[in-house]
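S.K.: Listed here are the chains, written in short residue letters.
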Amino acid sequence: MKMEDMSLSGLDNTKLEALAHDVYSDLVEDACLGLCFEVHRAVKQGYFFLDDTDQESMKDFEIVDQPGVDIFGQVYNQWKNKECVCPNCSRSIAASRFAPHLEKCLGMGRNSSRIANRRIASSNNTSKSESDQEDNDDINDNDWSYGSEKKAKKRKSEKNPNSPRRTKSLKHKNGELSSSVNPDLYKYNYSSGISYETLGPEELRSILTTQCGVVSEHTKKMCTRSTLPNSDTMLENDSYDAPDGQLIMSRLQWDGSSDISPSDSASSKASTNNSESKRPKKKKKPSTLSLTSAGGGGERDKGQERERGDRERVAGGGSGSGSSSSQNALGLSSRKKRPKLPVPPAPSIYDDLN
Amino acid sequence: MVCGTAGNKQQQREINMSKESQMRAAINQKLIEMGERERLKELLRAKLIECGWRDQLKALCKEVIKEKGIENVTVEDLVAGVTPKGRALVPDSVKKELLQRIRAFLAQHST
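Taken in sequence, the protein lines are chains S and D.
Numbering-wise (my numbering), the first sequence opens with residue 2 and increments by one.
Numbering-wise (my numbering), the second sequence opens with residue 2 and increments by one.
Source of the hints: derived by calculation from the structure; they are not laboratory data.
Remember, it's a predicted structure, so these values are computed and weren't measured experimentally.
Beta carbons: idealized from backbone N, C-alpha and C, even for Gly.
Computed spacing ranges between beta-carbons, pair by pair:
(1) S:Lys-45 <-> D:Ile-16: 44 to 50 Å
(2) S:Asp-23 <-> D:Gly-8: 28 to 34 Å
(3) S:Ala-43 <-> D:Ala-108: 36 to 42 Å
(4) S:Ala-43 <-> D:Asn-29: 30 to 36 Å
(5) D:Asn-73 <-> S:Asp-23: 33 to 39 Å
(6) S:Thr-15 <-> D:Gly-8: 23 to 29 Å
(7) D:Met-35 <-> S:Val-65: 49 to 55 Å
(8) D:Lys-42 <-> S:Val-65: 40 to 46 Å
(9) S:Asp-53 <-> D:Ile-16: 56 to 62 Å
(10) D:Lys-59 <-> S:Met-109: 53 to 59 Å
(11) S:Met-109 <-> D:Gly-53: 53 to 59 Å
(12) D:Glu-64 <-> S:Glu-18: 30 to 36 Å
(13) D:Lys-59 <-> S:Val-76: 36 to 42 Å
DSBU-like mimics (lysine-lysine), calculated; alpha carbons at most 30 Å apart, straight line:
(14) D:Lys-97 <-> S:Lys-16
(15) S:Lys-16 <-> D:Lys-48
(16) D:Lys-63 <-> D:Lys-42
(17) D:Lys-42 <-> S:Lys-16
(18) D:Lys-86 <-> D:Lys-42
(19) D:Lys-96 <-> D:Lys-59
(20) S:Lys-45 <-> D:Lys-48
(21) S:Lys-60 <-> D:Lys-67
(22) D:Lys-86 <-> S:Lys-16
(23) D:Lys-67 <-> S:Lys-45
(24) D:Lys-69 <-> D:Lys-59
(25) D:Lys-20 <-> D:Lys-31
(26) D:Lys-48 <-> D:Lys-97
(27) D:Lys-59 <-> S:Lys-60
Which chain S residues stay away from chain D? Per the calculated CB distances, all over 10 Å, these:
(28) Asp-55
(29) Glu-63
(30) Phe-73
(31) Asn-89
(32) Arg-92
(33) Ile-94
(34) Ala-96
(35) Arg-111
(36) Ala-122
(37) Glu-198
(38) Thr-228
With the rest of the complex left out, here is chain S:
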């Protein structure tokens, strides 16, 4: 019969509904029973009534709904107008300004050392020469307080005694000392605080022909990026392209009375700054330098195609390739040494002219 193969689909909708309702009420009853068991256990264990408080203490914590007062009944800006006495300087300070004042007063805050140093710097500037500006700038650059200040001071004392910074003050007296624009390019650049008004025209020329010279607003430092056009071609020592030679010649005509101090052997100087008398010295030095640093004039593959290309152009440029490899090894400092390299050929050109 049909009834035997009855399946759910055979049940009509009402029956299905009834079934669903039954399932539902079973579930609700389960929930109720669960609750009753929980409550009964709590009652028997004695923790059922624990969350009730007596009426009196309930009144203490009632929600407050008055104007000018928060829900706990506290006044909002109660402490705004109060004043506190600083234990350090015994002044009366407003409460909201008390913490920052204490920071500055005790000298322990994040910015307090910076501000103090700046004040010292500004007072120094009005009295001392510009060479002190450097120190303060260096100190200002450090975010920390005492430790780094010491470092900065040490650095300053280790500075090259022949750096232009020192010689500049002498210059003012004599008027014609070596203005070697060499701001210790391969050391830290301390050429900060340059004011163009104090430099003479020749010094300015020598500086600006070799370096960028833009004074940064933030650090008051002069940009020392080399202005020499083809720093790549600095690697070539012996063979020279004609335009390069002409460029150098034109620059050489700029040459003023600037001298290079002989002890600045390791520092890189612009070729334009070399006076003729100094040239032979310079000629030897770079080559010796390059040879010693390279450890031999042989070509070394450093993996830089640009310089390899340059090397190829150099005919028999043993020292040139050696110096180029030394350049690679020295990295950043090498770039600053490049201005030196064209020096050896320069004398030859001059000789031709002469």
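Based on the hints, put chain D in the right spot on chain S.
M.R.: Frame of chain S, contents of chain D only:
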């Protein structure tokens, strides 16, 4: 013959009912086996707590307890006093949602 037909009808009804109860049993079994019953239970519990039904019932329990006295109250007292009201207090939205889910399950697994 009349008796026979009457008897047959009676029998049929019984058969229907037994079939029905068989169906019911089968469905319940399926609900449990597939874990759907547990899920429905959890869903219902969460919804009831959310809508505050549980707290209402607890307050009712407190009254029963205060009536009967803490020491003497039994589970049956509580159940008897609270369950009928509990069933009535379930909000309609919760009821509808649950019924919907049950119907969906039935529709899916009726064959």
